[in-house]
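Peer 1: Chain residues, written in single-letter form:
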Amino acid sequence: MARVSTRRVVFERVTILLITILFLLPVFWLISTAYKPSNQIFSAPPRLTFEPTFDQFRQAFAIFDVVSLVRSSLVISIGTTVLSLLLGVPAGYALARSKSRFAPGFAYFFLAIRMIPAIAALIPFYLLMRDIGLLGTWWAVIVFNTMLNCAFVTWMMFSYFKALPPDMEEAALTDGCTQMGAFLKVAVPTVRSGMIACALFCMMFSWNDFLHPMFLTTLDAKPISVALLTAYGTKDITWGTLGALAHFSTIPIVLMALFMNRYFVQGATNGVQ
Amino acid sequence: MANASSSMVAAKPTTIYTLAAAVVALMATASYANSKPLDGVTLTIASMNDGFSNVLVKLAPAFKAETGADLKVEIMDYGTLLTKTTADFIGDTKGYDLVTMDIVWAGAYAENKYSVDLTDRVTRDAAELELDDIYPVVLKSLGQYDGKYVAFPLAAYANVLAYRKDLLQAAGLKPPATMEDLVEYAKKLNDPAKKQYGFVANGQKGPAVAQDWMQYNNQLGGSIVTKDGKPALNSEANIKSLAVYKQLFTEAAPPGAIEYDWGGREESFRQGMAAFMQTWSVGAAAYSDPKVSNIVGKVGIAVAPVSKGMTPQYGVGGWGLAINADVDKSKQDAAWTFIKWVSSKKIHKEFNMLGAGGFMRKSEMTDPDLLAKYDFLPVIAETYEHGNGEFRPRIPEYPEIQDLLGTAVNSVLAGATTPKEALDKAQDAAKKLF
Amino acid sequence: MHYSFANRRRLFLFLMATPAVLYVAAVGLWPLAQGIGYSFYKYNLLRPARTQFVGLQNYIDIFSDATTRKAILNTFQFTFFSVGLQLVLGFALALLLWRDSRFNRAVLAFLLIPSTITPLVVGLIFKAMLGADYGIIGYFLSDAGIGPRSGLLTDAGTALWMLILIDCWEWTPLMTLILLAGLKSLPGDVLEAGQVDGATAWQRFRLLILPLMLPSVFLALTLRTMDAFRVFDSVFVTTGGGPDDATNTLMLLGVKEGLQFFNVGFASAVGNVTLLFIALIATMLLLVVRRADVRINGK
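Protein chains in written order, with this note's numbering: chain A, 4 to 276; chain B, 1311 to 1744; chain C, 4 to 302.
Be aware that a few hints might be false.
In silico DSSO-like pairs for lysine-lysine, Cα to Cα no more than 30 Å straight-line [said to hold, decoys possible]:
| id | chain 1 | residue 1 | chain 2 | residue 2 |
| --- | --- | --- | --- | --- |
| 1 | B | K1556 | C | K73 |
| 2 | C | K45 | B | K1537 |
| 3 | B | K1346 | B | K1404 |
Not close to chain B: a few residues of chain A, all C-beta gaps over 12 Å, as computed [as the list claims (entries may be wrong)]:
| id | residue |
| --- | --- |
| 4 | T9 |
| 5 | Y38 |
| 6 | K102 |
Don't read these hints as lab results, they were simulated from the structure. Virtual Cβ for every residue (Gly too), placed ideally from N, Cα, C.
Build the full structure now, drawing on both the sequences and the hints.
Peer 2: Put into structure tokens, the structure is as follows:
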């Protein structure tokens, strides 16, 4: 881009900064509840100051096995992401390179799978998981979420590969490269940013997913998203516990997003189309 | 291991045999001395997130020490608990051995045989359970349905009236003796300019508003079902009581009360915003806890008033423990052992000392340790003496009825419709369920 | 045997697609087909004895009952406005962040945080902040007489709009991310050309940027529409569909019927109707974008 005046850059930056702060205020509020004594979280009129305490964290650790919750969340979201990419990337490639006139329709069919509302499939799936003995385990959630996500990955990768001219692979194939070699060594590296985007979407979807694991897991496999609602008790709002627990549900995914978004935005020049 | 076996090879055979025999003998005595009836058994409880759930977690080591069984407590919010346990029952997935059962689920449990019928066990172990020490209304509404035990009482709650002593005193009022007094005083004590309100109750759409209104409805002489268990949502008395409830909301409640659930309601009372609140006794201990309350020492607890001329009858609710009918016999026996253990005089006192808030034994009402901690126990005893656990109909169709009422009452509070219209509509929908 | 290159290529591609197709068919289509089957029955898992075939009755009920009709309208209103607002805001933010600098990259990272918070918690945060009696925003609004005195989430006139705003808060950052990725992939020479022409900023945007951005816009719109149409968590914990039926949505209705009352027949019908609506919207989006593409880019 051409030169721009310093004044304009400053103006842009101040605007962005203000908007970002506006977006982060509710997050600050949530995080701050974890450090407030219970009777200072709410008051009329609302107060901005409080005496910091770690009681809420102690309480959260006393009630919840936080380590196990985070571990379950990690296993479920990483498992879903890896499986979805393993299934979806080759399928997206195949559809993009296929000369069949049904290929775009097929890609669209995959997109439609991602639209399935949970309630339509969850109860039959629940009984299916019971019959094969996976109910209550990480696998039940991974299997279900992979179905939704691999469909989406297929469709997204279809459009990424489609935007990429097949010349390079064809050249590699004529040079004696195997089909698999052309896919892995030539096609895949060029859509790296697309794959990272897909991974980010899968990860965020599974990490934040509440309804599916709520229904499909039990104590040992319960992720933190499900435990959060429990922290918000019925008879007694334990907002502080919720705030403390929210640290552990938010920080890992924020770190992951920060890490991946760098690659995503930098590498995107390779072609989102 | 590898080292041990290689050195054994080097030793003389006789020495090894003697040594081995000694070790075996030693292990046998040790294990005999430590062997407990439920060694190696794990019981999983699906527990409501309530006063008692953390207490169950705290009691687990003691239960293991005594019986050898591990206790795993999965704590869930109300909606999740209902969904997960129902799915477990209908899918025969044996995920939970024990389930905390809201008393209003009893009808569904009985009709679908979700839980083990405990009647024979209760009769057999009546002496050990010290049944005479448990209030009859608690035994009936927290455990039985149609004369059979679908669960055994775990934590009983009394519906009581919490009021602000200081505000009443300043206005020269006595605690209300009737519902009419309550309505009048609530309006009198309402002073929005000072952010001081007369009354607070649940207004949020769903179970929250439905359950609170049913409470008031009961005390104003209404009833959700007829004597033979048919829905009567739009009876004259119900329409009248809903109009009173609406009036209390518009004339005496904090403006945000329409979106309160139990948590919001309790919070606003602890903040000191409301003069009167009907509530389950489980929350009462928190009002005098300076860590969460701004009204320490200013709260009185009384039996909930009823309409002028009505025979006193007070709301009783709470949680029973049910055994999943799908689990095998040995698990059922182990689960029954836990039920007996946790409801025993000694442990149940401990349960309440730890803050579970679910009193159900007569002996607890006069226990000096408990009384020192909870001075409102006499009110609870009085409530149980005249308790009514049926004001929320414990029929199989209860969840749907509650949902219909949850929408109907909330629409009235929101001003979208009139009490009659809302209840007529709910009644039409309710009839389809039967 | 000797296969031609084209045939081997075809076979390879076929094999590459097979695992995903089989997986989706086994895990997704099979339960979905069952769900379609259930939807023709009056079928409650809690009362299996009363099961009966009712044909299209469940579907007729959905479109004739006032509550469900309202839920459908709400869902459309919610989806249309929240996705629309997110597109506009997201695009504006993406343009602001377009210039590649360390500052912008850092800001984007923080901006993304709302999208990474569990929607359930997002709902709880806003409910707490907007509460009229002690919410950090709601208290002052109610006190100053701005909006309904009982709080913005409790009034039939404002509740749905608040839910739309909450959704925008949470998902605008994701929209920004997708669109920014699209912007960064634009060929530099095209834009330089526009600069030389001396076109105004708006002309540059409309004539140069927007046409090239259509694929990214389509991706962002489709992704958000699919999820907005199935909104559940944040509504469930804030208003529960209230006051009255003012914020009831299709998914809220479906989850209540399916996972609370285990009314599988009706819940499946709601699920299928939802799926049908989303598919229709997505198809319309596809057609609109394709037509715009043809018109602008002449392809």
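Peer 1: Hint by hint, where does the structure go against what was stated? Just the numbers, ascending.
Peer 2: none
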